[in-house]
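Enquirer: Taken in order, the sequence shown gives residues 67 to 470; the numbers are from this note's numbering.
Just so you know, not all the hints are guaranteed correct.
Stated by the list, open to error - The following label-pair restraints were derived from C-beta to C-beta distances:
1. ARG398 x PRO247: 35 to 45 Å
2. GLN448 x GLY196: 19 to 29 Å
3. GLU330 x ALA272: 19 to 29 Å
4. PRO105 x ARG398: 17 to 27 Å
Said to hold, decoys possible - Calculated pairs, DSS-like style, for lysine-lysine (alpha carbon to alpha carbon, straight line, at most 27 Å):
5. LYS445 x LYS395
6. LYS435 x LYS395
7. LYS435 x LYS380
8. LYS445 x LYS435
9. LYS307 x LYS410
To be clear, the hints were calculated from the coordinates, so they are not data collected in a lab. Just so it is clear, CB atoms sit at the ideal spot from N, CA and C, and this is done for glycine as well.
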Amino acid sequence: MKPDHLIWHDLDLSTLTPAYLGRFPGRDSKTRSIPFPVPSMRGVLAYWLRALAGPYVGNSTEKLLEAETEVFGTAKDSRAARPSRILLRAGRIEVGPPPEQPVSGEGYLMGPGLVDADENGRWPRQLSPGAVPVRVRNLGRPYHADLFLAALWALCTYGGLGSRSRRGFGTLVLGSPPDLPTARFDPSWFSSTTDALEDVLACTVAALADLRIGPGPEFDGPTPYPCFAPGHYTVSQHRLKGRDASSALNEVGRFLRAFRHSREPDPGFVPSGPFVLPNTEGFRKIAEPHRRHQRPHGPFYDGALGLPVVYTEKGVDGSVTVEPLADGKATRRASPLWLRVTAKDGQWLLRSLVFHAEWLPEQIGLQVKEDGRTRQVQKPNQTDVRVELDRWFTEADGQFGTGQ
């Protein structure tokens, strides 16, 4: 029998919701076969490994990088290049264009970047729900397999693959666990979902200790990166009425849209239809005054779910953008809210995860711009952002019933 470091193990992976994997190279968006993007999967696995390692390595970015490097290696062109202990290999997949007219809620989750072609006429590539042909090989020790499977567990429990994975797309599920030899990781944890988090965290700590990566200093405030440190994340799960992926995404998208508009709604708003909502507080207090050459007023709470935020108004050309500014250049802040649309035993579910990491570093500012005209915007403080994120869970309980 071959030693394990020579064996490729199949991963019984499949997607439950559509995944968006890059764009077609030209205007031709006909269905075609492409290689499965292994680098994308490695990237998201590294993200979840960092989230699991965080409570142990704490406020040490050096130890965090060391943990990631032990499993996934480093780039070939880096100064201290190290090979990956975990190798991934994948087959080909069939991708096609996105739906021409997605239902309103699903389209809201997709956002303009996935609903439309880009400025060069290139459409997003959609991977329909189904099997994903991925294999894994461990060149390291069983505790390297522990860390890989822990990251895969977190990805399958909370995350997704591809663009807009924070909004329910690219949900991955693992059928039968791989026969990858481990030191402590229990494959049954894949079926127990969120209940296994403490076990997975303990397994991660033990594996890092086996690799002689010691604990780091404790956090002295908000965590500087997303992680499962106690008190720095919130999780809930709610039952959906949807009977398939599209209807479940539509339900979640409509709720997310209503949530964004429910913070201090316009008292003078008169609805003209069942799906017409008042403008958000951020539009009324920040974007609209700037468009009218007036000063914005108040903190920008709309950005709690990610930046930049782009506002468009029906019948008005152009857009207004609120974005972070670092060293004079526009940047981004990914949403701290992960929405995972999944199904178990025929029941579609929404699993929400928020990482209460530092929202924006002190040196990062906010600006509002339109046609190159910019103005500074007041940032909400960390406590206000936390209150806004906690509101998500309260309103989700009201919409879907108390979380399970």
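Enquirer: None of the hints should be skipped; say for each whether it holds.
Expert: Results of checking the hints against the structure:
1. Range check, ARG398 to PRO247: Cβ separation about 40 Å, and the 35 to 45 Å hint holds.
2. Restraint check, GLN448 to GLY196: a C-beta distance of roughly 41 Å breaks the suggested window 19 to 29 Å.
3. At roughly 47 Å, the beta-carbon separation of GLU330 and ALA272 lies outside the given 19 to 29 Å, and the hint is violated.
4. For the pair PRO105 and ARG398, the beta carbons lie near 20 Å from each other, so the given range of 17 to 27 Å is met.
5. At most 27 Å may separate the alpha-carbon atoms for a hinted pair to count; LYS445 and LYS395 meet this at roughly 17 Å.
6. For the hint linking LYS435 to LYS395, the alpha-carbon distance of about 13 Å falls within 27 Å, and the restraint holds.
7. Using a Cα cut-off of 27 Å, the hinted pair LYS435 and LYS380 holds, with the two alpha carbons roughly 18 Å apart.
8. Our distance criterion of 27 Å between C-alpha atoms is met by LYS445 and LYS435, whose separation comes to about 15 Å.
9. For the proposed pair LYS307 and LYS410, the alpha carbon gap of about 13 Å is at most 27 Å, so the pair holds.
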